[in-house]
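Chemist: One letter stands for each residue in the lines below.
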Amino acid sequence: MIEANIDKRIKTYKGNTQLVVSAQFPEGSITRVYGSSGSGKTTFLKILAGLITPEKGEILVKGICWLDTAKKINWKPQQRRVGFVFQDYALFPNMTVQQHLEYATADLQLIERLLLIGRMESFRQHKPQHLSGGQQQRLAILRALALKPELLLLDEAFSALDDDLREALITEIKIILKEFKTTTIIVSHHLQETAGFADHNLKIEQEN
Amino acid sequence: MEWTPIWLSLKLAACTTLILFVIGIPLAYWLSRRHSLGKVVIEAILTMPLVLPPSVLGFYLLLTFSPNSILGSWLHEYFNISLVFSFEGLVVASVIYSLPFMVSPVKSALAHLPVSLAEASYTMGKSKLETFYRVLMPNIKSSLWTATVLTFAHTLGEFGVVLMIGGKLAGVTKVASIAIYDAVDNNQYHEANQYSMVLFAITFVIVILVFIFNRNSVRGPLE
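Protein chains in written order, with the working numbering: chain A, 1 to 208; chain B, 1 to 223.
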């Protein structure tokens, strides 16, 4: 079980608003996070990853405290090691597909398996600039999975994939997530995009 | 034509570039992170050598390094170092004078990299230092080349600061740019032309090399 209680002031084009989230994510569950633009969905994911610190909040992962602002506990992103698929993919232009996965893990068998799942075996020596949008997105997902994360955070991770590829990838990813017992949170505007993937929903709204 | 001034110029440029590579890149990284008023002030001070007349900078450095100053007398007393009319003094002055040529392009390139690159690396358990060397540095390679070449070429052509700090001691501080001035002053136009041609050739080769190394870059090497 992952528990998160977050209170963070965020700046939007409308001025300052408050991001208040109180949620529980059962182990191995896949939760779709949705809400209007600028509501703080990405900020919420970054808080979970330790990339942003809220003014107030607690995060408990399987009973271990990652964040407690009252007790001044705040694990670094390096300690949390969550899998994070960024909206802009955050691929490294200097690394090939293979090098991306090797940067995340030394497990060569896992790398081969991920390349197979993502249908990327023939692109292993390609750099991101020589991949299509869909291939780049797949690489970002595979790189996050290579960490065998307890928590996987996906920010609009299926938006550049066509329907057939998305469905095939979702089937394979779900097997891996089950095997790793990974809890997944996916930000997505479109319900259809996460159909057959997410089993829970969480709406994020701004509080003024 | 004596070759010593040319070698001195190359030695000065190499020492300055090496020192600035070591101290300028971490400085550029620090400046490229979140802005604060303090950083703006520090950046403005570091940029001053770009806009100040070299003779002004050289004059103040001469006062600062002179044996009568606090710093100059302290260096002389405890380390037996004199930065005035010495090659070491030229290096220190060149480092200060050329600092913005190393820091500005690198800082600008780091600031333009998406923040998510470093963030992705942190989530993979990599430290800030490892992220810097394995992700950030390789992705600003063309700017590193540009900064290095600009620093080297700028130091090679220094005149005002070098003259104020080092004078023109043959074999010690008389670099190529001073030798050209000296030759013209003595009506030895042929010798001045020879020095100028050598400096021109060296600079041209360096710039050509940078364009070749950066030929696949989207931006021009000197942008």
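Just so you know, the hints here were simulated from the structure itself, not pulled from any lab data. Yeah, the Cβ is synthetic: ideal placement off N, Cα and C, and Gly gets one too. Among these hints, one or two may not hold up.
Derived CB-CB ranges, DEER-like [claimed, not checked]:
no.	chain 1	residue 1	chain 2	residue 2	range
1	A	Arg124	B	Phe21	30 to 38 Å
2	A	Gln18	B	Leu63	34 to 42 Å
3	B	Leu37	A	Gln24	38 to 46 Å
4	A	His130	B	Asn80	53 to 61 Å
5	B	Ala44	A	Arg119	28 to 36 Å
6	B	Leu113	A	Arg119	27 to 35 Å
7	B	Val40	A	Ser122	44 to 52 Å
8	A	Asp88	B	Leu18	31 to 39 Å
9	A	Ile73	B	Leu37	27 to 35 Å
10	A	Asp88	B	Lys39	39 to 47 Å
11	A	Leu191	B	Ala44	28 to 36 Å
12	B	Pro67	A	Lys71	20 to 28 Å
13	A	Arg119	B	Phe200	32 to 40 Å
14	B	Ile212	A	Pro26	51 to 59 Å
Chemist: Now tell me, hint by hint, if it's right for this structure.
Modeler: Verification of the hints:
1. Arg124/A - Phe21/B: 30 to 38 Å: holds, 34 Å
2. Gln18/A - Leu63/B: 34 to 42 Å: violated, 56 Å
3. Leu37/B - Gln24/A: 38 to 46 Å: Distance hint for Leu37/B, Gln24/A holds at roughly 42 Å.
4. His130/A - Asn80/B: 53 to 61 Å: At roughly 58 Å between Cβ atoms, Asn80/B and His130/A fall inside 53 to 61 Å, so the hint holds.
5. Ala44/B - Arg119/A: 28 to 36 Å: Given range 28 to 36 Å: violated, Cβ gap about 52 Å.
6. Leu113/B - Arg119/A: 27 to 35 Å: Between Leu113/B and Arg119/A, where Cβ atoms are some 29 Å apart, the hint holds.
7. Val40/B - Ser122/A: 44 to 52 Å: holds, 49 Å
8. Asp88/A - Leu18/B: 31 to 39 Å: holds, 36 Å
9. Ile73/A - Leu37/B: 27 to 35 Å: Given about 31 Å between the Cβ atoms, the range holds.
10. Asp88/A - Lys39/B: 39 to 47 Å: violated, 26 Å
11. Leu191/A - Ala44/B: 28 to 36 Å: Since Leu191/A and Ala44/B have Cβ atoms about 52 Å apart, the given range 28 to 36 Å is violated.
12. Pro67/B - Lys71/A: 20 to 28 Å: violated, 58 Å
13. Arg119/A - Phe200/B: 32 to 40 Å: violated, 55 Å
14. Ile212/B - Pro26/A: 51 to 59 Å: Distance hint for Ile212/B, Pro26/A holds at roughly 58 Å.
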